[in-house]
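> Take the sequences, apply the hints, and build the full model.
Number of protein chains: 2
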Amino acid sequence: MKHTARALTLALTLTGLLGAAIAAPKAQPKAPIPRKSAQEILAASPASDWRALNPDNTLLMELASGQVIIELAPRFAPAHVANIRALARGGYWDGLAILRVQDNFVTQWGDPDGEDAAKARALPAGANAKLPAEFSVPIDAIGKSARFTKLPDVDGWAPRTGFAEGFPVAADPKLGKAWLAHCYGVVGAGRSDAVDSSNGTELYAVIGQAPRGLDLNITVVGRVIKGMELLSALPRGAAAMGFYDKPEQRTGIQRIRLLADVPPAERPALQVLKTESPTWTQLLDARRYRGGWFVHSPGHIDICSASVPTRPAP
Amino acid sequence: MKHTARALTLALTLTGLLGAAIAAPKAQPKAPIPRKSAQEILAASPASDWRALNPDNTLLMELASGQVIIELAPRFAPAHVANIRALARGGYWDGLAILRVQDNFVTQWGDPDGEDAAKARALPAGANAKLPAEFSVPIDAIGKSARFTKLPDVDGWAPRTGFAEGFPVAADPKLGKAWLAHCYGVVGAGRSDAVDSSNGTELYAVIGQAPRGLDLNITVVGRVIKGMELLSALPRGAAAMGFYDKPEQRTGIQRIRLLADVPPAERPALQVLKTESPTWTQLLDARRYRGGWFVHSPGHIDICSASVPTRPAP
Chain A
2 MKHTARALTL
12 ALTLTGLLGA
22 AIAAPKAQPK
32 APIPRKSAQE
42 ILAASPASDW
52 RALNPDNTLL
62 MELASGQVII
72 ELAPRFAPAH
82 VANIRALARG
92 GYWDGLAILR
102 VQDNFVTQWG
112 DPDGEDAAKA
122 RALPAGANAK
132 LPAEFSVPID
142 AIGKSARFTK
152 LPDVDGWAPR
162 TGFAEGFPVA
172 ADPKLGKAWL
182 AHCYGVVGAG
192 RSDAVDSSNG
202 TELYAVIGQA
212 PRGLDLNITV
222 VGRVIKGMEL
232 LSALPRGAAA
242 MGFYDKPEQR
252 TGIQRIRLLA
262 DVPPAERPAL
272 QVLKTESPTW
282 TQLLDARRYR
292 GGWFVHSPGH
302 IDICSASVPT
312 RPAP
Chain B
2 MKHTARALTL
12 ALTLTGLLGA
22 AIAAPKAQPK
32 APIPRKSAQE
42 ILAASPASDW
52 RALNPDNTLL
62 MELASGQVII
72 ELAPRFAPAH
82 VANIRALARG
92 GYWDGLAILR
102 VQDNFVTQWG
112 DPDGEDAAKA
122 RALPAGANAK
132 LPAEFSVPID
142 AIGKSARFTK
152 LPDVDGWAPR
162 TGFAEGFPVA
172 ADPKLGKAWL
182 AHCYGVVGAG
192 RSDAVDSSNG
202 TELYAVIGQA
212 PRGLDLNITV
222 VGRVIKGMEL
232 LSALPRGAAA
242 MGFYDKPEQR
252 TGIQRIRLLA
262 DVPPAERPAL
272 QVLKTESPTW
282 TQLLDARRYR
292 GGWFVHSPGH
302 IDICSASVPT
312 RPAP
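Chains A and B, in that order, are what the protein sequence lines are. Last residue of the first sequence: 315 in this note's numbering, with the numbers rising by one and none dropped. Last residue of the second sequence: 315 in this note's numbering, with the numbers rising by one and none dropped.
Just so you know, these hints were derived from the structure itself, not from any lab. There's no promise every hint is true.
In this list, chains with the same sequence are indistinguishable; a pair is considered to hold if it fits within one copy or across any two.
Said to hold, decoys possible - With a Cα cut of at most 20 Å, we get these calculated SDA-like pairs of lysine to any residue:
id: 1; residue 1: Lys-247; residue 2: Asp-104
id: 2; residue 1: Lys-175; residue 2: Val-155
id: 3; residue 1: Lys-131; residue 2: Ala-87
id: 4; residue 1: Lys-275; residue 2: Arg-312
id: 5; residue 1: Lys-247; residue 2: Ala-234
id: 6; residue 1: Lys-131; residue 2: Val-296
id: 7; residue 1: Lys-178; residue 2: Asp-141
id: 8; residue 1: Lys-175; residue 2: Val-296
id: 9; residue 1: Lys-275; residue 2: Ser-146
id: 10; residue 1: Lys-151; residue 2: Thr-280
id: 11; residue 1: Lys-178; residue 2: His-297
id: 12; residue 1: Lys-131; residue 2: Ala-195
id: 13; residue 1: Lys-175; residue 2: Gly-300
id: 14; residue 1: Lys-178; residue 2: Ala-147
id: 15; residue 1: Lys-120; residue 2: Ile-254
id: 16; residue 1: Lys-178; residue 2: Val-296
id: 17; residue 1: Lys-227; residue 2: Asp-197
id: 18; residue 1: Lys-120; residue 2: Pro-174
id: 19; residue 1: Lys-227; residue 2: Phe-244
id: 20; residue 1: Lys-175; residue 2: Ala-44
id: 21; residue 1: Lys-37; residue 2: Phe-244
id: 22; residue 1: Lys-131; residue 2: Thr-282
id: 23; residue 1: Lys-275; residue 2: Asp-286
id: 24; residue 1: Lys-275; residue 2: Pro-75
The structure is reproduced here in structure tokens:
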């Protein structure tokens, strides 16, 4: 029996952005049915639907296993992003470590000696120990300037969801707030009980089912756009909450730099699909209305079930 | 600064089943607000709210890294579960391997030589090469006998969701169907283009954001109830769709046995919380209405955001 053939077919057809969508949608029978596969949609995308990375809003994390690229979200967490820039510029994380990997939850990094005032790494010049909580922004902040594109799909966690500048966004008109949703790959700033106890020194990335219950409870600062598997495939920590019980189990961080501080020739030449682009809208439809291998079309997506494509700069 | 202290607090308070729930819920202001934390709820749970594993419905997968326990779902996939029992009894997977790990999607195992008719492992006696598709069951099948408990929470993927015998279940009265939802840890049977091309020889476990778009498109056979991190923390495959491009990168499967075939003394003594129990209802409420560290209570959960607790048999 062709197990591997089957596996390949399964893989091919299950893969998020693959598969032609020719089946009639269930939930929205009258919705337009895309005739093109995700690959075809991407192949046909105009250059104007893609954007370069902003070096001032991009972190380059270097592990022995490779590079992790994190796009920051100054529109949603300006004080934290400013602090993270200062921390990166001061080499704060260089030589620190990944301290915690909890299965189906988060990978978290910071200062292993943070508890020991004598050993704790000092903050570099320009970095603040205390910041305001930035759990949400006024809903007006995701207007035209943020190029927010609303999803028509129902979301149980928030009355309004969509994408803004590549980020999954939720909003509640009644609360008058908008916030970054905790989807896979989203990066947040660890805090203690006090809402203003995060300063960006300790960061976590979501590595499992979107913990949307964290939304509006902690400051989200960005999202991993490349190298996610270097954070998600790490051994889970055996101690409580996924902390490593032995220092040697931690994964060392070689350094984290702001892309603006990386010599241009050494910067990863990556492009991100604009989430306000027609191409992104078509890709979402290709996931909403599945065909080919799919015999049932969900007629639905959510902000955490579609990830924004990146590509090497042509 | 107490980074680690902060991390611990963050970890403690972010952990799924932890955290007292004393905050007023957002979405359902009149809902009862649990006063007990998840730990307290579990500590207070009566023995009658727990069940033992059914040895005929449990797989014990042995990897060099440890044991993975999979609970099978005969109510939802009777033909596949019967075949999987025969495959396990015949030692079909013993010495085979994990062939594919695709980040934020699935870990998949089967016969590396499956494509080569000469090398492909033969099916043991009692195992069928061909089975019917078992993508759903009639909605009546999740009635009283299945002890289905409905969630009041809105789900964008299905008009009705809940839990039955420990499994996350979705249903659509209009379609007259019920099915197992693709949540983290759920195990399915790989298929090719033909809907009846799966036979349980090649299985996958969900290791990322719930790919609910697969629901009603493939046969779900069970879920991992212990050792999930042994499947989710594996190196991602570098080839297309997460397949390993070098045989030596694969993780070998020492053996997979049906628990009924494991000497009683060697069987993991594990109990699973009954999803029809008051304790489970209380735990769901403790996740729906958060307090303590949480300053915003989501007032919402979904079938993939809460995992059914297990414990060592007292």
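> Output the indices of the hints that this structure fails to meet, ascending.
17, 18, 20, 21, 22
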